[in-house]
Amino acid sequence: MTPRRHLHALTSVRFFAALIVVFFHYGQAQFANTPQFLQAVVANGYVGVQLFFVLSGFILTYTYLPRAGWTSGQFWRARFARIYPVYFVAMLLALPIFLGVVARDGDGMGFAALTTALTTFLLQAWVPQSACALNCPGWSLSAEAFFYALFPLLLLLIRGATFRKLVIVGVVAAVLNLVPPMIAFLIQPDTLAASTDTTASSNILLLEFLRYTPLFHLGEFVLGMSLGGLYVSGHRLRHGGLVALAALIVVVALLNIPSIPYLLLHNGLLAIPFGILIYGLAQAQGAVERVASNRTLLLLGEASYALYILHAPIFTYAKLGLARVGISNESWLFLIVYLAVLITASIAAFKWLENPARKYFTARFKPRISSAA
Numbered sequence: 005m006t007p008r009r010h011l012h013a014l015t016s017v018r019f020f021a022a023l024i025v026v027f028f029h030y031g032q033a034q035f036a037n038t039p040q041f042l043q044a045v046v047a048n049g050y051v052g053v054q055l056f057f058v059l060s061g062f063i064l065t066y067t068y069l070p071r072a073g074w075t076s077g078q079f080w081r082a083r084f085a086r087i088y089p090v091y092f093v094a095m096l097l098a099l100p101i102f103l104g105v106v107a108r109d110g111d112g113m114g115f116a117a118l119t120t121a122l123t124t125f126l127l128q129a130w131v132p133q134s135a136c137a138l139n140c141p142g143w144s145l146s147a148e149a150f151f152y153a154l155f156p157l158l159l160l161l162i163r164g165a166t167f168r169k170l171v172i173v174g175v176v177a178a179v180l181n182l183v184p185p186m187i188a189f190l191i192q193p194d195t196l197a198a199s200t201d202t203t204a205s206s207n208i209l210l211l212e213f214l215r216y217t218p219l220f221h222l223g224e225f226v227l228g229m230s231l232g233g234l235y236v237s238g239h240r241l242r243h244g245g246l247v248a249l250a251a252l253i254v255v256v257a258l259l260n261i262p263s264i265p266y267l268l269l270h271n272g273l274l275a276i277p278f279g280i281l282i283y284g285l286a287q288a289q290g291a292v293e294r295v296a297s298n299r300t301l302l303l304l305g306e307a308s309y310a311l312y313i314l315h316a317p318i319f320t321y322a323k324l325g326l327a328r329v330g331i332s333n334e335s336w337l338f339l340i341v342y343l344a345v346l347i348t349a350s351i352a353a354f355k356w357l358e359n360p361a362r363k364y365f366t367a368r369f370k371p372r373i374s375s376a377a
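If you count the sequence shown from 1, you need to add 4 to reach our numbering.
It should be emphasised that the hints constitute simulated quantities derived from the structure, not laboratory data.
For glycine and all other residues, C-beta sits at the position ideal for the given N, C-alpha and C.
Hints are supplied without guarantee of correctness; some may be wrong.
Quick list of the computed label-pair ranges, beta carbon to beta carbon [said to hold, decoys possible]: (1) R240 - G164: 16 to 22 Å; (2) F167 - P360: 37 to 43 Å; (3) G112 - I208: 15 to 21 Å; (4) E293 - H239: 44 to 50 Å.
Please build the complete structure, drawing on both the sequences and the hints.
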């Protein structure tokens, strides 16, 4: 069986998606004096997770739709090998930090035990209080685990579908993603406040339920699957690079509209522009393909998952360490040192943990898994 062609641009773009999430969490102070459009992108950098959800659906469909002979068990084992080893190490790194916060805030050992158990089994996103408590970026992996559980069944919607059906499935999935926030708005109007400050809502539990529950992000994954189905079916764009550029401009423009409610941005408003960006990049040629095929950029893209899941605990340890030598976490020097440590750790985790673990767990799994998945 001929291996699927590596989509280098989609591997490389993962690094930038992860990086913008890092900047959103820990770089907003440093970007305070940069051009306004850049500040807006960083301030809304959480949308990088949305890009990951769409990209995940696209790549998994691209990888598995044309293949015969694989079983659901083989797929789930491959997904476990792909995400869990580094995820578990990140959780262990974050655990002392989490327990310290629990002790300080008096949340109780019952909450700590529940959250630790949920996080260990990738279930934390289903419980709003626990979703972001122990290594917050892990909530999106909890959502991905839900997507993976449904993927073999969802693939039946894509297999053999016509161009028209694939487009309808993708658009409907993306639109339905926005229905829960709109319903919540009718119940509690301030859930659609144009702010990332969750304390602005009079019902924080409802807001966190909407933000993190995996079911409310499934549409982004299904949109990616429909686009993957279109790509596998041979539907191509004439100028993929230009289409991707246009989609990127639309994304940046939307992120610079301050009146757009935070929850809509967080829960899928950019799913379709991100989908078009991914679809264009998958077909980009010329300069885009040459840049994306750069070995360093590909390595960063391959290590982007480790960068994403490790960035929160590494930040806390870097903050504690650099504070001892008088370096503030709001300075550019801190950000540069932090990124250097984070990227180094991510590449090391990719090469010496993620790859060996994947080979070990998938030794009997014949089909070749795309590194962009």
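Hints, verified against the model:
1. R240 - G164: 16 to 22 Å: 19 Å, holds
2. F167 - P360: 37 to 43 Å: 41 Å Cβ-Cβ, so the 37 to 43 Å window holds.
3. G112 - I208: 15 to 21 Å: Given range 15 to 21 Å: holds, Cβ gap about 19 Å.
4. E293 - H239: 44 to 50 Å: 19 Å, violated
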